[in-house]
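Chains A and B are the protein sequences, given in the same order. According to the numbering used here, the first sequence is numbered sequentially starting from 1. According to the numbering used here, the second sequence is numbered sequentially starting from 1.
Just so you know, these hints were derived from the structure itself, not from any lab. There's no promise every hint is true.
Unchecked claim - Anything over 10 Å on all C-beta distances counts as not near chain B; from chain A, calculated:
#, residue
1, 9
2, 24
3, 27
4, 34
5, 48
6, 69
7, 104
8, 111
9, 120
10, 122
11, 155
12, 165
13, 192
14, 197
15, 204
Claimed, not checked - Reference listing, derived: stretches of chain B covered by chain A, where coverage requires no fewer than 3 residues with Cβ under 8 Å from a Cβ of chain A:
#, region
16, 35-41
17, 45-51
Quick caveat: nothing in here was measured; it's all calculated off a predicted structure. Glycine is no exception: its CB is placed at the ideal position from the N, C-alpha and C atoms.
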Amino acid sequence: MEEVIRLPKLGEPAPDFEAPTTHGTIRLDDYKGSWLILFSHPADFTPVCTTEFMAFAQIYPELQKRGVELLGISVDSITSHIAWVRNIEEKMGMKIPFPIIADLNKEVSQLYGMVHPGQSKTETVRCVFVIDPNKTVRAMLYYPLTTGRNMDEILRLVTALQTTDEHKVATPANWRPGDMVIVPPPLTAESAEERLKQGYECVDWYLCKKKL
Amino acid sequence: MACVSPDGKPTESGMKILNSLAAGAKSAEDVAADTGRPLYAVRSGLRELAGAEMVAEKGEGYELSPQGKELISS
Chain A
1 MEEVIRLPKL GEPAPDFEAP TTHGTIRLDD YKGSWLILFS HPADFTPVCT
51 TEFMAFAQIY PELQKRGVEL LGISVDSITS HIAWVRNIEE KMGMKIPFPI
101 IADLNKEVSQ LYGMVHPGQS KTETVRCVFV IDPNKTVRAM LYYPLTTGRN
151 MDEILRLVTA LQTTDEHKVA TPANWRPGDM VIVPPPLTAE SAEERLKQGY
201 ECVDWYLCKK KL
Chain B
1 MACVSPDGKP TESGMKILNS LAAGAKSAED VAADTGRPLY AVRSGLRELA
51 GAEMVAEKGE GYELSPQGKE LISS
């Protein structure tokens, strides 16, 4: 029978877990009240993953300023994770400050649909789950084994989600902090008429922007 | 960071949490504010210390267990 891969859905609760990590046993609940980026990598001691881990470590201070924690995961063992982060520190001078789940039995990987047999039957692909302080899945990215992720986009994505929550707005294509944001579309003909008088920068009634 | 070593003794991180509780912290949030450690790590650490009976749950918070008090005073 063909294996069905279960994927979390946006706007739904993130699947709970308790897992061994390089920082001890961690539960999803431990992150309640903080934003969390849960990200998977295919395997320790592989080149693309090593560049990604260094890049995640580089953006970690920026993420922390935004109240965001990082949690890595792969199907490698704790011993392998420890050896790898020590190697990254020794050879590349980069300390990996966040925990990494050792998901040897693929329990968490399967909950989050991180193993895609078309890519690899044994490794996790490059997933990113952005989980908000209420443990709701807010964004998901899936990259193939061959392509390292873009940290600027991950920072931008989290910042956009937080801006949306704080100001009840949406963000346009290629939005960057400081750019104008989109005022949510009106839901009645009356409010469509009114918004044209509210000083927004409007292309038409359904596409209005404002500065924050 | 792990708070209890394989030989059952508190690690440096574990001792920081125990000292924080001894100084009056009553919740994971208090300990995080006192030690500067991330909240997730404190929650995980407190659970580990409770499993090793160095910390006891008290309502929704925590306090040192008799064993934890002994460790602090030794």
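Here is what the structure says about each hint:
no.: 1; hint: 9; in the structure: holds, 24 Å
no.: 2; hint: 24; in the structure: violated, 4 Å
no.: 3; hint: 27; in the structure: violated, 7 Å
no.: 4; hint: 34; in the structure: violated, 6 Å
no.: 5; hint: 48; in the structure: holds, 27 Å
no.: 6; hint: 69; in the structure: violated, 6 Å
no.: 7; hint: 104; in the structure: holds, 18 Å
no.: 8; hint: 111; in the structure: holds, 18 Å
no.: 9; hint: 120; in the structure: holds, 29 Å
no.: 10; hint: 122; in the structure: holds, 28 Å
no.: 11; hint: 155; in the structure: holds, 18 Å
no.: 12; hint: 165; in the structure: holds, 19 Å
no.: 13; hint: 192; in the structure: holds, 44 Å
no.: 14; hint: 197; in the structure: holds, 45 Å
no.: 15; hint: 204; in the structure: holds, 45 Å
no.: 16; hint: 35-41; in the structure: holds (count 4)
no.: 17; hint: 45-51; in the structure: holds (count 3)
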